[in-house]
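Same order as they appear, the protein sequences are chains A and B. The numbers in the first sequence follow my numbering, run straight up by one, and end at 459. The numbers in the second sequence follow my numbering, run straight up by one, and end at 459.
If you're looking for bench data, these hints aren't it; they were derived computationally from the structure. Where hints are given, some of them may not hold.
Each pair may be met inside one copy or between any two copies, as identical chains are not told apart.
What the hints assert, rightly or not - Derived DSS-like pairs (lysine-lysine); straight-line CA-CA distance at most 27 Å:
1) 244 with 398
2) 244 with 158
3) 216 with 158
4) 244 with 216
5) 216 with 398
2 protein chains.
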Amino acid sequence: MSSIADELTSALGPGKVVQDPAVLAAYAVDQAPVLDYQQPLAVVFAESVPDVQAAVRSCAARRVPIVARGAGTGVSGGAHATEGSVVLSLERMNRILDLNPDDETAVVEPGVVNADLNDAAARHGLMFAPDPASFTISTIGGNVATNAGGLRCAKYGVTRDSVLALDVVLADGSLIHTGHQTFKGVAGYDLTGLFVGSEGTLGIVVGATVRLKYLPREVHTIAAFYPDFRQAAAGVLAVGKARVQPAIMELLDGGSLVQLDEIHGSDLAGRGASLLLVQTDGFGAAAEADVVRDVLAAGGAVVTTEASEEAEHLVDMRRNSRGVEVDDQYRVGEDVAVPRSRLVDYVAALESLAETHEVRLKVVAHAGDGNLHPTFWVDRVNDLADAEAAARLNKALDASIAVALDMGGTITGEHGIGQYKLRWLSLEQPEPIRELQRRLKELFDPAGILNPGKAI
Amino acid sequence: MSSIADELTSALGPGKVVQDPAVLAAYAVDQAPVLDYQQPLAVVFAESVPDVQAAVRSCAARRVPIVARGAGTGVSGGAHATEGSVVLSLERMNRILDLNPDDETAVVEPGVVNADLNDAAARHGLMFAPDPASFTISTIGGNVATNAGGLRCAKYGVTRDSVLALDVVLADGSLIHTGHQTFKGVAGYDLTGLFVGSEGTLGIVVGATVRLKYLPREVHTIAAFYPDFRQAAAGVLAVGKARVQPAIMELLDGGSLVQLDEIHGSDLAGRGASLLLVQTDGFGAAAEADVVRDVLAAGGAVVTTEASEEAEHLVDMRRNSRGVEVDDQYRVGEDVAVPRSRLVDYVAALESLAETHEVRLKVVAHAGDGNLHPTFWVDRVNDLADAEAAARLNKALDASIAVALDMGGTITGEHGIGQYKLRWLSLEQPEPIRELQRRLKELFDPAGILNPGKAI
Numbered sequence: 004m005s006s007i008a009d010e011l012t013s014a015l016g017p018g019k020v021v022q023d024p025a026v027l028a029a030y031a032v033d034q035a036p037v038l039d040y041q042q043p044l045a046v047v048f049a050e051s052v053p054d055v056q057a058a059v060r061s062c063a064a065r066r067v068p069i070v071a072r073g074a075g076t077g078v079s080g081g082a083h084a085t086e087g088s089v090v091l092s093l094e095r096m097n098r099i100l101d102l103n104p105d106d107e108t109a110v111v112e113p114g115v116v117n118a119d120l121n122d123a124a125a126r127h128g129l130m131f132a133p134d135p136a137s138f139t140i141s142t143i144g145g146n147v148a149t150n151a152g153g154l155r156c157a158k159y160g161v162t163r164d165s166v167l168a169l170d171v172v173l174a175d176g177s178l179i180h181t182g183h184q185t186f187k188g189v190a191g192y193d194l195t196g197l198f199v200g201s202e203g204t205l206g207i208v209v210g211a212t213v214r215l216k217y218l219p220r221e222v223h224t225i226a227a228f229y230p231d232f233r234q235a236a237a238g239v240l241a242v243g244k245a246r247v248q249p250a251i252m253e254l255l256d257g258g259s260l261v262q263l264d265e266i267h268g269s270d271l272a273g274r275g276a277s278l279l280l281v282q283t284d285g286f287g288a289a290a291e292a293d294v295v296r297d298v299l300a301a302g303g304a305v306v307t308t309e310a311s312e313e314a315e316h317l318v319d320m321r322r323n324s325r326g327v328e329v330d331d332q333y334r335v336g337e338d339v340a341v342p343r344s345r346l347v348d349y350v351a352a353l354e355s356l357a358e359t360h361e362v363r364l365k366v367v368a369h370a371g372d373g374n375l376h377p378t379f380w381v382d383r384v385n386d387l388a389d390a391e392a393a394a395r396l397n398k399a400l401d402a403s404i405a406v407a408l409d410m411g412g413t414i415t416g417e418h419g420i421g422q423y424k425l426r427w428l429s430l431e432q433p434e435p436i437r438e439l440q441r442r443l444k445e446l447f448d449p450a451g452i453l454n455p456g457k458a459i
Numbered sequence: 004m005s006s007i008a009d010e011l012t013s014a015l016g017p018g019k020v021v022q023d024p025a026v027l028a029a030y031a032v033d034q035a036p037v038l039d040y041q042q043p044l045a046v047v048f049a050e051s052v053p054d055v056q057a058a059v060r061s062c063a064a065r066r067v068p069i070v071a072r073g074a075g076t077g078v079s080g081g082a083h084a085t086e087g088s089v090v091l092s093l094e095r096m097n098r099i100l101d102l103n104p105d106d107e108t109a110v111v112e113p114g115v116v117n118a119d120l121n122d123a124a125a126r127h128g129l130m131f132a133p134d135p136a137s138f139t140i141s142t143i144g145g146n147v148a149t150n151a152g153g154l155r156c157a158k159y160g161v162t163r164d165s166v167l168a169l170d171v172v173l174a175d176g177s178l179i180h181t182g183h184q185t186f187k188g189v190a191g192y193d194l195t196g197l198f199v200g201s202e203g204t205l206g207i208v209v210g211a212t213v214r215l216k217y218l219p220r221e222v223h224t225i226a227a228f229y230p231d232f233r234q235a236a237a238g239v240l241a242v243g244k245a246r247v248q249p250a251i252m253e254l255l256d257g258g259s260l261v262q263l264d265e266i267h268g269s270d271l272a273g274r275g276a277s278l279l280l281v282q283t284d285g286f287g288a289a290a291e292a293d294v295v296r297d298v299l300a301a302g303g304a305v306v307t308t309e310a311s312e313e314a315e316h317l318v319d320m321r322r323n324s325r326g327v328e329v330d331d332q333y334r335v336g337e338d339v340a341v342p343r344s345r346l347v348d349y350v351a352a353l354e355s356l357a358e359t360h361e362v363r364l365k366v367v368a369h370a371g372d373g374n375l376h377p378t379f380w381v382d383r384v385n386d387l388a389d390a391e392a393a394a395r396l397n398k399a400l401d402a403s404i405a406v407a408l409d410m411g412g413t414i415t416g417e418h419g420i421g422q423y424k425l426r427w428l429s430l431e432q433p434e435p436i437r438e439l440q441r442r443l444k445e446l447f448d449p450a451g452i453l454n455p456g457k458a459i
């Protein structure tokens with residue numbers, strides 16, 4: 004019997020199926036911690052919808068799991084290869100098929116890079132709103148698969164809110180079209196929403212029609228330094244109470260400032276123990292910025308009053324604050340969200356549990372959404388101490404999850420469950436909800452070949 | 004064997020199950036044209052979640068269809084009783100259980116009236132954004148069931164965009180909780196989105212957590228009168244090209260102006276053959292209004308320059324423009340949406356096909372969304388002529404649907420498929436999509452008791 008790689012090569016033609024060990028290794032994982040390393044049998048670089056259909060059909064015939072993947076920038080392991088799987092890369096399907104500035108929509112292949120779509124849209128005064136930190140390299144297909152968020156979704160919504168229609172290859176290789184080309188449409192069930200965020204477990208997204216929003220012509224950015232983290236978190240609530248909706252509201256704790264200083268040679272930590280960055284945009288940006296400055300200053304912040312270039316530079320630094328860090332067993336970034344009113348309490352709880360479990364902590368937060376990214380880590384010493392430290396780290400992670408859920412929060416605001424967060428899912432979702440999702444999965448993928456062991 | 008009404012009474016207690024003929028008649032239909040009048044066996048007025056569960060269990064045991072219903076303001080027949088069904092009214096479950104101004108969320112029972120939630124939210128500078136024309140009487144549960152839109156969704160989104168979490172009674176009477184209390188959350192599949200807009204066919208929504216938006220402190224309203232309808236439609240595109248996002252952009256044709264004049268004694272028709280109403284809001288409202296005025300004047304409109312009270316009054320008139328009209332076989336309001344760039348073409352096509360089929364036409368449109376509500380009607384003369392006129396009306400309706408689909412549109416932007424629009428659904432959605440939805444329906448409701456014959 005021929006191998007699955009041979010069969011894929013014969014189905015798709017030359018140059019699309021790779022078994023080079025270096026490529027297999029590179030495509031075995033995304034940027035999440037690896038719990039169960041598995042090398043894929045092959046990596047397929049699809050160049051068209053029929054390529055994807057052929058790959059799915061070949062895999063379906065042999066019951067080989069298929070892990071679809073964009074740029075592999077996910078941090079929950081949604082694109083980690085599973086045992087005996089084929090990884091299907093959609094990177095080569097990177098054409099913007101249509102960009103209609105009057106309809107304010109674009110039709111894209113899944114491998115289009117977020118930043119490339121934004122560049123194309125910007126020429127018409129438009130933008131694709133979702134802006135995950137990875138936007139310079141992550142793909143629209145990946146954004147859709149994880150329902151990606153980002154910095155500006157407090158005002159502009161998450162990926163779901165920008166997706167109008169999808170082309171999806173189902174587990175039997177058939178192609179369906181969901182949704183509508185119009186802004187509004189309520190014919191039948193919301194299949195589009197069901198596929199968004201399903202991490203390639205229900206179908207493989209091979210095309211998307213997205214709504215574009217207006218690129219704001221005016222942007223004001225405010226940097227507010229605080230003597231402590233909790234006060235900065237309180238500033239987020241104060242802006243909300245003033246009923247001003249910023250485009251961006253990012254919160255950084257002292258540990259994050261130290262890290263930025265190390266990378267950039269800046270002196271942010273010398274200016275405060277916490278930083279709140281607020282960006283207003285649109286025709287009311289200046290007036291909104293005035294209100295924000297007053298409110299934050301009244302709450303104890305040292306607020307930038309100069310032109311906002313420096314603050315904008317800080318936003319860029321924040322966007323890249325993840326740097327080249329890749330999580331592993333000694334360093335894990337979280338993605339909890341809590342109701343906004345609990346921000347201060349949650350921040351206090353994080354600081355306290357880091358102390359209790361003797362782990363290091365830094366926190367950045369899309370604070371306007373109540374979505375926090377605490378990173379816990381331990382310094383490595385030697386094998387024995389490291390094992391003990393990793394155990395402490397896991398206890399701190401579990402505790403941070405438990406506290407978030409206790410406050411009415413979620414274990415994942417925007418990164419997805421993937422593979423890494425499965426261990427906490429039952430804490431958030433009781434068995435009837437999980438069973439319902441398993442049955443949905445079974446309806447779409449009875450043989451269980453689409454990215455098994457992920458998302459639900 | 005006891006009747007279903009007796010069994011429901013014994014399960015729910017006194018005062019909740021009604022068989023009075025006048026009540027049965029009142030709850031047999033919503034505001035849509037009636038194709039197949041069916042009187043329900045009983046009307047259940049649930050007062051609690053356990054009431055709903057008990058009613059569903061009683062109906063499930065006898066395989067009696069159950070039609071859930073809010074205020075019955077739907078215009079697609081989603082709440083029409085079906086043969087041998089029980090109607091379940093959720094009107095009495097009308098408590099706002101929580102309104103947290105810091106979280107910017109509210110937890111409501113399904114029978115809370117949209118306007119009541121908005122009044123409560125307004126005391127905190129907040130609003131529930133979806134504003135269907137029926138907002139003074141329609142319920143949040145009904146808004147959720149139909150994924151209702153309204154005037155301000157161009158800027159603030161449809162109901163789906165304001166719903167964070169749902170409590171749902173399933174077909175077996177069990178209660179589940181979907182979604183999250185936070186703004187963002189991507190744990191598992193989007194069950195919340197699947198229930199929104201499903202018209203009570205997958206489960207019965209007995210509670211909702213909604214996100215509130217900021218009530219704008221400043222609002223500017225512009226009335227622009229045009230010599231013809233197509234020029235007014237072109238004005239919508241011109242505002243878009245200026246990359247200004249109004250909160251409201253309503254388009255009215257000459258027929259609609261004549262009707263408003265008849266109701267209110269105004270002289271709108273004397274001022275132009277079409278009216279475009281644009282409302283900007285927020286901190287940038289004045290600056291945005293200036294741009295809008297310039298753009299519309301340049302496109303041939305006579306634009307109000309005075310204080311916006313008069314224009315605001317026109318928006319109120321527009322909100323109520325449906326008046327007491329209830330559709331029947333001689334008068335049908337449509338709900339198509341087209342990509343924005345096709346607005347002018349579509350408006351031209353409507354005018355042309357009304358002439359071809361010799362039917363009367365008036366059009367209002369949520370033009371910012373490309374969502375149009377043409378109403379076609381014929382004047383009644385005598386039985387013979389009326390039958391022929393009704394046939395012409397149906398041909399005009401079919402033609403208006405065909406043209407919208409041909410332009411990449413949808414048959415329903417915000418009203419839902421209900422019962423009345425089922426005849427067109429296969430024109431928009433091919434068999435594989437319809438089959439997939441039937442299988443979803445079967446998964447949630449294997450016995451087919453939840454609002455059968457609707458939505459899909």
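Hints, verified against the model:
1. 244 with 398: neither (35 Å within a copy, 54 Å between copies)
2. 244 with 158: Cα proximity of residue 244 and residue 158: in one copy and across copies (15 Å, 21 Å).
3. 216 with 158: both (11 Å within a copy, 10 Å between copies)
4. 244 with 216: Close inside one copy (26 Å) and across copies (12 Å); limit 27 Å.
5. 216 with 398: neither (42 Å within a copy, 37 Å between copies)
In the structure shown, a violation is registered for the earlier hints numbered 1 and 5, in ascending order.
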